[in-house]
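**Student:** What follows is each chain in one-letter form.
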Amino acid sequence: MSVNDVFLQLVTGLQLGAIYALIALGLTLIFGTLGVVNFAHGALYVIAIYAAVVIGGQIGFWAAVILVPLLLFVVGILMERGIIQYFYDRPHTDQILVTFGLALVIEEGAKAIFGANNIPYPIPDWGTGQMLFYGTGATIPGVPRFEEMPQVWMPFIEGMLFYPSWRIILIAVSFLAIGGLFALLQFTRFGLVVRAGMRDSEMLRFLGINITARFAIVFGLGALIAGIAGVFGGPITQVTPDVGMHLLVPSFLVVVIGGMGSLPGALLSAMLLGMALSFSAEYSAVQQIVIYLVAVVVLLVRPRGLMGKKGVLE
Amino acid sequence: MSTEYRPHSWPREGIVLGVFAVVVFAMPWWLTWIGGYEALATKIVIWAIFALGFDILLGFTGYLSFGHAAFFGTSGYVAGLMFLHYSESIIPALLACLVVSIVLALVLGFLTLRRTGIYFAILTLAFAQMLHAAALSIFQEWTGGDNGLTMSAQPNLFGLPMDGLNVFYLAAVLVVIGFAMARQIRRSPLGLMLRSIKENQMRLEYTGVNVMAYKMTAYLISAIYAGTAGWLMVVYEPYVATKFLHWSTSGEVVIMSVIGGVNTLIGPMIGAAFMMYFENVVQSEIGELWKLVLGAIFVLIVIFLPGGFVDGYNRVRKVLGQKVPSRRHNVPDSPESMRKLRERGRTAEAGRTD
Chain A
47 MSVNDVFLQL
57 VTGLQLGAIY
67 ALIALGLTLI
77 FGTLGVVNFA
87 HGALYVIAIY
97 AAVVIGGQIG
107 FWAAVILVPL
117 LLFVVGILME
127 RGIIQYFYDR
137 PHTDQILVTF
147 GLALVIEEGA
157 KAIFGANNIP
167 YPIPDWGTGQ
177 MLFYGTGATI
187 PGVPRFEEMP
197 QVWMPFIEGM
207 LFYPSWRIIL
217 IAVSFLAIGG
227 LFALLQFTRF
237 GLVVRAGMRD
247 SEMLRFLGIN
257 ITARFAIVFG
267 LGALIAGIAG
277 VFGGPITQVT
287 PDVGMHLLVP
297 SFLVVVIGGM
307 GSLPGALLSA
317 MLLGMALSFS
327 AEYSAVQQIV
337 IYLVAVVVLL
347 VRPRGLMGKK
357 GVLE
Chain B
15 MSTEYRPHSW
25 PREGIVLGVF
35 AVVVFAMPWW
45 LTWIGGYEAL
55 ATKIVIWAIF
65 ALGFDILLGF
75 TGYLSFGHAA
85 FFGTSGYVAG
95 LMFLHYSESI
105 IPALLACLVV
115 SIVLALVLGF
125 LTLRRTGIYF
135 AILTLAFAQM
145 LHAAALSIFQ
155 EWTGGDNGLT
165 MSAQPNLFGL
175 PMDGLNVFYL
185 AAVLVVIGFA
195 MARQIRRSPL
205 GLMLRSIKEN
215 QMRLEYTGVN
225 VMAYKMTAYL
235 ISAIYAGTAG
245 WLMVVYEPYV
255 ATKFLHWSTS
265 GEVVIMSVIG
275 GVNTLIGPMI
285 GAAFMMYFEN
295 VVQSEIGELW
305 KLVLGAIFVL
315 IVIFLPGGFV
325 DGYNRVRKVL
335 GQKVPSRRHN
345 VPDSPESMRK
355 LRERGRTAEA
365 GRTD
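Top to bottom, those sequences are chains A and B.
Each position in the first sequence, counted from 1, maps to that position plus 46 in my numbering.
Each position in the second sequence, counted from 1, maps to that position plus 14 in my numbering.
What the hints contain is simulated information worked out from the structure, not anything from laboratory work.
Errors might be hidden in some of the hints.
What the hints assert, rightly or not - Within a straight-line C-alpha distance of at most 20 angstroms, the following computed PhoX-like cross-link-like pairs (lysine-lysine) qualify: (1) K257/B - K157/A; (2) K257/B - K305/B; (3) K305/B - K157/A.
Please read all numbers here as calculations on a predicted model, not as lab measurements.
All chains, full assembly: derive it from the sequences and hints.
**Tutor:** Okay, here's the thing in structure tokens:
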């Protein structure tokens, strides 16, 4: 495997991991604070991609970038206040059942409105092309096709490499969103309260903090991240009603491998799975099941997940 | 919740099973009165077997598996391969399906049963999807990939061709046997253990019970039911679809159990009938919207009627002022029932359960 191949597969792994991380972070955030496993999280992603297609097609892409996450934030809060809050006192299995039912309703609703087939996603012009990576000593041909491409110099690359711009944009946006989320939780008073709530929400209530309102916002935040994932991930994952469930299963594995309720763990395991998928691409038969194999190995060696803490869900 | 403890009696057991058998065997006739067709009865009974086994796991132990398609689908493939390459007789295929289901349940159970609740649901879902992905990739040579497996010849039982009503009678006999067995398990010490896992697994462990062995037993039993259903499905329709392994199959059996009424044995079977009726008869009325409507019904039942149809029926009876018998099958649970037991001179036994 040459340096170029390794570089390409690293970037692909980052891109796959980025989408999983966005979905899984929302899942694990909601799980860690509210104790709810949201089977409808993939369905939130479905809402986001269809909203992005509609808003992007009618108004424009930038409108979608701003409006879709906001819309999902509202949807998330409505979902939590309207249904999920009545399930905190009921068994975990009931929470799974109701969110699974919601996922079905949303998926079938999308199918009834937009049909079961992939519909085209209006990518803005600046995102459609390829990105050019070149190493030292590479001579880029002086034709417009090459000169118009965004060019990045990477000293270790031999010659030239092309990679779809949109995927690079997705990686950048994902890491911005992930960084933003971690900053919000780490450096703000709101984040402090939420993190304390993840540890011991009862104690927080004793201290007179309205944790209920904040947890509703956390649910909204999880949905908002799914919204960001939908706007930028839609062109890559396809725009179909069942894409939510396709993403949900690997995202669950990400959460479980990372350790339930651990945000750094989710990020780490998303990247691990992304890389595993990317580097097994040569053996396409194995690639289909490689994430499950990783999951089996991790769970046998570390049943709590990579960064799972003792006492969570036991 | 319960008002009276009803002790077990064999005559009553016989009446229950007799009525059940009559209703099941007459299904091809009464189903046509309400817009169904004969072949639908076969489908209903096959799914009823699947849902019945699922209730032994979910209803008794409270372990919600989202991956029971693994057993149903794998059995389907094994049956299909047996019909294609070994013999068109259904008996060797059944034996192979049972062996494979048991082995698969041991492996998956070892990996998933160590965790409870949410973890269990997620892990079973993931490993079933792994089998689905594997059937489409590394096992493609045997499973036919996306095309599935198609059998040319009709399977037979000792020369009797298995088509039309013959399959139905086979399935009906099996569902009656399965129902009788499930009822026996429910009132046996094993059933009591499984239900105490649901109540408080930790306390059970502290008393020195090998909880893992009991959980595995329940998992194995439900896998055997699911495997039998998968085998019957391929006997009924000589085609193995990749959908048999897909998560939506697992989801369907979950939906059936919940809308019918978990932990009632009869409920999941009613749920299976309801869902198949919906999928095949109501679909012709409202088209593809049936899934949306069914999903909405499912959500409403989870929110407002967690006990499903059976619970709804009991609530109606309570409103009408009827006595609803206890749902706890071998635990005397109300003061009156304890007193009655003492009156029967079983004080010592009742005292022990205190």
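**Student:** Which of the numbered hints are not met once you compare them with the structure shown?
**Tutor:** No hint contradicted; all consistent.
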